[in-house]
Amino acid sequence: MSDYDPLLTVESVSKRYGDERVLNDVSFTMDRGDVTVMMGPSGSGKSTLLRCVNRLTEVDSGEIRLGDHRVTDPGIDVDALRRDVGMVFQDINLFTHLTALKNVTLGLREVRGFSTDDAREAATEQLERVGLGDQLDSYPGELSGGQKQRVGIARALAMEPELLLFDEPTSALDPELVGEVTAVMADLAAGGMTMLVVTHEKGFAREAATDALFLDAGSIAERGPPAQLFENPENERTAEFLDRVSTVSGEP
Amino acid sequence: MSETGATRTTADTGRVVSGSLGRWLTIAGGVLFWGWLLARWLNNWFLPAGVGVPPGESFLDPAAVAPISDSLAFAVEYLPQLADAAWLTVVLTVVSIVLGFVFAVPVSVARVYGTYSSTVSLAFTELIRGTPLLAQLFVLYYALNLSTLFRGLPDDGFLPSAVVYVAIIGFTINSVAYQAEYIRSALLSVDREQLTAARAIGLSQRQGIRHVVLPQALRFAIPGWSNELVYLIKYSSLAAFITVPELFNVARSIAADNFAYTGIFALVAVLYLGLVISASKLMAGVERRVAIPGLGGTASQ
Amino acid sequence: MLPGTGVVGAVAVGSLELSIRTIAQLGSDTCGSLPPDVAFVCENAGYLAGGLVLTIALTIASLLVGLVAGFPAGAIEVYGGRYASLAVEAVGTVFRGTPIVVILIFAYFVVPITDWFPIQRVLPVGGAFVAAVVGLGLRSAAYQSQLFRGTLQSVDEGQMEAARAVGLSKLGAIRHVIVPQALRRSVPGFQNEFTIVLKDTSVAIAIGLAELFTRSQDLFVQRTTAVTEVILLISAVYFVMTFGTNRALEYLNDYYAIPGEST
Ligand SMILES: Nc1ncnc2c1ncn2[C@@H]1O[C@H](COP(=O)(O)OP(=O)(O)O)[C@@H](O)[C@H]1O
Ligand SMILES: [Mg+2]
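Residue numbers (numbering that gives the first Met the number 0), protein chains in the order written: chain A, 0 to 251; chain B, 0 to 300; chain D, 0 to 262.
Check the hints yourself; a few may be wrong.
Cβ-Cβ distance ranges computed for the label pairs, FRET-style [what the hints assert, rightly or not]: (1) A:ASP136 - B:LEU37: 45 to 53 Å; (2) B:THR195 - A:GLU159: 19 to 27 Å; (3) B:LEU37 - D:ASP217: 37 to 45 Å; (4) B:LEU281 - D:ARG163: 38 to 46 Å; (5) D:GLY80 - A:VAL244: 36 to 44 Å; (6) B:GLU192 - A:PRO40: 21 to 29 Å; (7) D:ALA161 - B:THR261: 50 to 58 Å; (8) D:TYR255 - A:TYR16: 19 to 27 Å; (9) D:PRO117 - B:PRO47: 52 to 60 Å; (10) B:SER203 - D:THR224: 29 to 37 Å; (11) D:THR227 - B:SER252: 22 to 30 Å; (12) B:VAL119 - A:GLU235: 55 to 63 Å; (13) B:SER203 - D:ASP217: 50 to 58 Å.
FYI, nobody ran anything at the bench for these hints, they're computed from the structure. Ideal placement from N, C-alpha and C gives every residue a C-beta, glycine not left out.
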């Protein structure tokens, strides 16, 4: 595999729900170690795009490749694909009946075939990495939103994915809990993890992202380094949207 | 079919006696009731010959308690036979609910996640839940004449006789349908995103259902089982109509002999109430034991 | 709601009986050409139809008794004093914890219900019918009280406060604000209760009431080779009744649903 071979290739992907064109000829690539931030108004298709990458949603046309996986081919083993793509959800979706530790060990044991002891050890390590070494036996119902989301990240990390998808991981959190989650994410980025992150946290984007995408009505309206996109947006819609996000989050 | 269509209201027995005195009375009553029942059953089937009293005969002499109260003497005289018959009631109930559960899980999973199998499962549950249990027992016993299948099996009162197997088949089929409804609505009450999250870490649909959806759904289904257990205890009495000598049937033949309908059926009602209340308490205990913080908090109230 | 239901019930039973008679009449002329066991059932269609009428009448009467006794019982459990609600709950526990067949035996052999309520002298029904209505009805009341207790409690407390705030008395608030909302929410539970009562009328065989189920047994005892035909036929009849009524009630429930409120 040459160095120019991107990890993720999204090529002319389109998707419609009924009459609504949710994704419209979307193309971009990501290299290993890239951290790409995706922004855009609600309903612009961000979640749909993420879900196409791990085949929770099927594309109508276009092609997606991830390493050796031809994601959009009908015949592929989707479970094998999903082993290589982690996902962190906006509404977190921890398994409510399992402790933090077991949320992480489930995939290790059932998908990666770890023994009980190995799974426990690996899961403990991941939970310590997100700062939750002292909450192994807590149930989701006993954790704060920020703690839950960090378990969610540990659960995804434990699968040792090549690519981590984040769908607005902090949007459901109280403002004072956002920082603990973005800090973990920034750590991961610094550690070389390839991440595709839907978020409106400009602080995180500036600090950690290599790249920012602005999605509008199913199309990529603008793409560039985060600093450039935020300071001098070329697209009028981008400017307008970033302006509104700033007002909401109180950034200058 | 609406979800509520599946539920039979619980025999809500928890709140009658309240306070700690009530609690101790309930516990004392429970210990007495089950201690006595177990003693009867042990006496009948597990003691070597010559030890204990013959089956159907009381531990106390009815004549001895007669001076205290005639009703008490009556109870002492007839309760042993009823206790022996209650064994079958318990067997019918427990075996049918367990077997019913084994089949109800696949039936309900098929109903929720299947396509073709969903229709089959729907047809089965609607058909069973739409006809009287008594008619189902009659189909098995009279129309299919199933009891001939089980001829020649031992019949010593402890191990059940041929008709009992027919009754168990009938109650199991019936219970599969009801339990499948309870589990189905429990499956539907598990957040759909839980399965998505399971798929996202690479679990197959099957693994996701098995490790994530079912463990949650089965907890949600506990109040349903409480209903089902109570239902089976009560409706096992219908086995009398296909000649199974369970509690109601034995009571009926005693009453037909001595015409003491009031006394016999008062005793029978008390025995059924004891079983039903025990079942409700047991299930409430199970629900408390398997409760998980933050999961289905309202389901446990 | 009550008298209306009663009249509708009476008319329904009456017209049903008429049409069943006609069918039976037509039927018995053409029965001869059928296989012998089917012909036997066919010839006795009128006899079974009579049982069906009793079954339907028993179901409706029991549900009405259950409603008339169960609604106040549920209201007492929610709004009544401590002792009143404890008493209601104790009685309810006994009725919910005892098999229906035992309750029917009590109603027929133990308690002289037909002396207390000699309805059989006024209406063309037997003592077993009266006992069955009382037994099934009170048991249904015990369940309906639970149903109404639940739906009354499910009405948001703010509704009561809002009603008191516009000057209604507590009773007025219950009557005009809480009860109407609770009743609408009770429809699915009532539908469930209907199915249970209808199926359990078959247990009246224990006191020899000649409803549909008992009559089917009379028939196949008479001709044992026809047992499959008879039982499958009446099972189908029960199924059509529960299935049909459930679908109809679901339709009504959707039709009368309050916009914006899901049941
Ligand atoms: N499963 C679905 N069925 C129908 N429409 C959908 C579905 N998922 C998303 N949509 C629609 O697609 C559009 C884009 O949704 P989404 O990708 O969730 O946007 P975003 O994440 O940017 O807010 C929305 O208008 C939404 O209503
Ligand atoms: Mg989204």
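Now for the hints, and whether the structure bears them out:
1. A:ASP136 - B:LEU37: 45 to 53 Å: violated, 38 Å
2. B:THR195 - A:GLU159: 19 to 27 Å: holds, 21 Å
3. B:LEU37 - D:ASP217: 37 to 45 Å: holds, 42 Å
4. B:LEU281 - D:ARG163: 38 to 46 Å: holds, 42 Å
5. D:GLY80 - A:VAL244: 36 to 44 Å: violated, 58 Å
6. B:GLU192 - A:PRO40: 21 to 29 Å: With a Cβ separation near 23 Å, GLU192 of chain B and PRO40 of chain A satisfy 21 to 29 Å, so the hint holds.
7. D:ALA161 - B:THR261: 50 to 58 Å: holds, 52 Å
8. D:TYR255 - A:TYR16: 19 to 27 Å: violated, 33 Å
9. D:PRO117 - B:PRO47: 52 to 60 Å: Given range 52 to 60 Å: holds, Cβ gap about 58 Å.
10. B:SER203 - D:THR224: 29 to 37 Å: violated, 53 Å
11. D:THR227 - B:SER252: 22 to 30 Å: holds, 29 Å
12. B:VAL119 - A:GLU235: 55 to 63 Å: 57 Å Cβ-Cβ, so the 55 to 63 Å window holds.
13. B:SER203 - D:ASP217: 50 to 58 Å: Holds - the Cβ-Cβ distance for SER203 of chain B and ASP217 of chain D, about 56 Å, lies within 50 to 58 Å.
Hints 1, 5, 8, 10 from the earlier list are contradicted by this structure; the remaining hints agree with it.
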